[in-house]
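Assemble the whole structure, with the sequences as input and the hints as a guide.
Same order as they appear, the protein sequences are chains A and B. Sequential numbering of the first sequence, starting at 11, is according to my numbering. Sequential numbering of the second sequence, starting at 3, is according to my numbering.
Keep in mind that the hints were calculated from the coordinates and are not lab data.
Which residues of chain A face chain B? A few of them, derived with a C-beta cut under 8 Å, are:
hint: 1; residue: Arg12
hint: 2; residue: Ser17
hint: 3; residue: Ala30
A virtual CB, placed ideally from N, CA and C, is assigned to each residue, including glycine.
The lines below spell out each chain.
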Amino acid sequence: MRLNAISTWDEFAFFAGGHADIVSTGDYEVPPLMEESDEDFVIFGIYNLGRVPIWVKCDSGYETIQDLKGKKIGVPGPLSSTMIWGVMLAETEGVDFRVGSDEFDVIVNSHSANGELLRQGEIDAGVIIPEAVLPEITSGEVCLLYGVGGTWEYYRDHFDPEKKHKGVPGNIFLAKKEWFEANPKAIDFFLAVWEEGLKGWKENREFIIRSYPEDHGLDPESETFEADLQTITQYLTDHDWFVDTVYLDEEWIELETPVFDLMRKTNFMPEEQENPTFVAVPPPGN
Amino acid sequence: MLKSNKTFWLCIILLVGVSVLAACGQAAAPAAPAAVETVVVEKVVEKIVEVTPEPPTVVRFVFAPDPLLRYMEDTGIIAKRSII
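Following this line, the structure appears as structure tokens:
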């Protein structure tokens, strides 16, 4: 058995076009996919959690989304982290945070472009990956709105009564139901490969960050490389968005399912639409 | 003499008539059914068949660029990765 891994920023279209068997995306992004497709899908594994925070300048005085009403906010697109922030903030703050909202001036750019715009003061806040604002994190110029390092921490703190659930994953593993049911050995193989990768991350985090600096917003030629390396390593330790295992279990699925009720309640998902299907594939030996 | 001649010709006519009747009788007799013999020829042909191994199942996975993918490739966890 062989894994052909394809890297692209347009992974959804690639998968939808039938060019891949498995795609990784947020579980909250599956309902829009279901809405646009006649296919049935299965979520059968998990990789990492919603990790994109809302950054503001530390000296701006912005502490909540209410402070940003009417302000310019950069986002990476209408779906992804923008959407799950919109879902949660609609419930907790009663705001309409989405592309096209009348309450905010929401503009769409790449993460790196939004990082630059925040740096230059062209936007007041941004839903931006930390790698894109690394120098400003090191210097203490940018701060996390609500002090959370990503959507998963906000969900944990505001929607799980026990404040423990590691949810709203930014990357689950998704396959078409027909392919999933026809290829149980491939599914076992795929999950075993990623479990190994996850184990490698846990054991060699700093080595991996140092080995792939550009992927972590680091410039190896920069005079501040070592300081920036320490910053991102610390950030990844404080806000670790990787899960402990790629294997789902029934307890996790039960705790995650209310996300879709929340999406319906906040009009991010049609009332009549069914929840995505989760399948807890057991790890080897179970 | 005349009587002898008459007898002679009568005998000749009789013989000819018997011969004709005998010939006609043979022609009128039903033909014997033809025997059809089917011969099955078995031919043994040697054919060389190449036994190819079952092709490995390829799992196609598409993902946004991720450092862990690169790590998995460099450490051999993943054999090869394509970038589009």
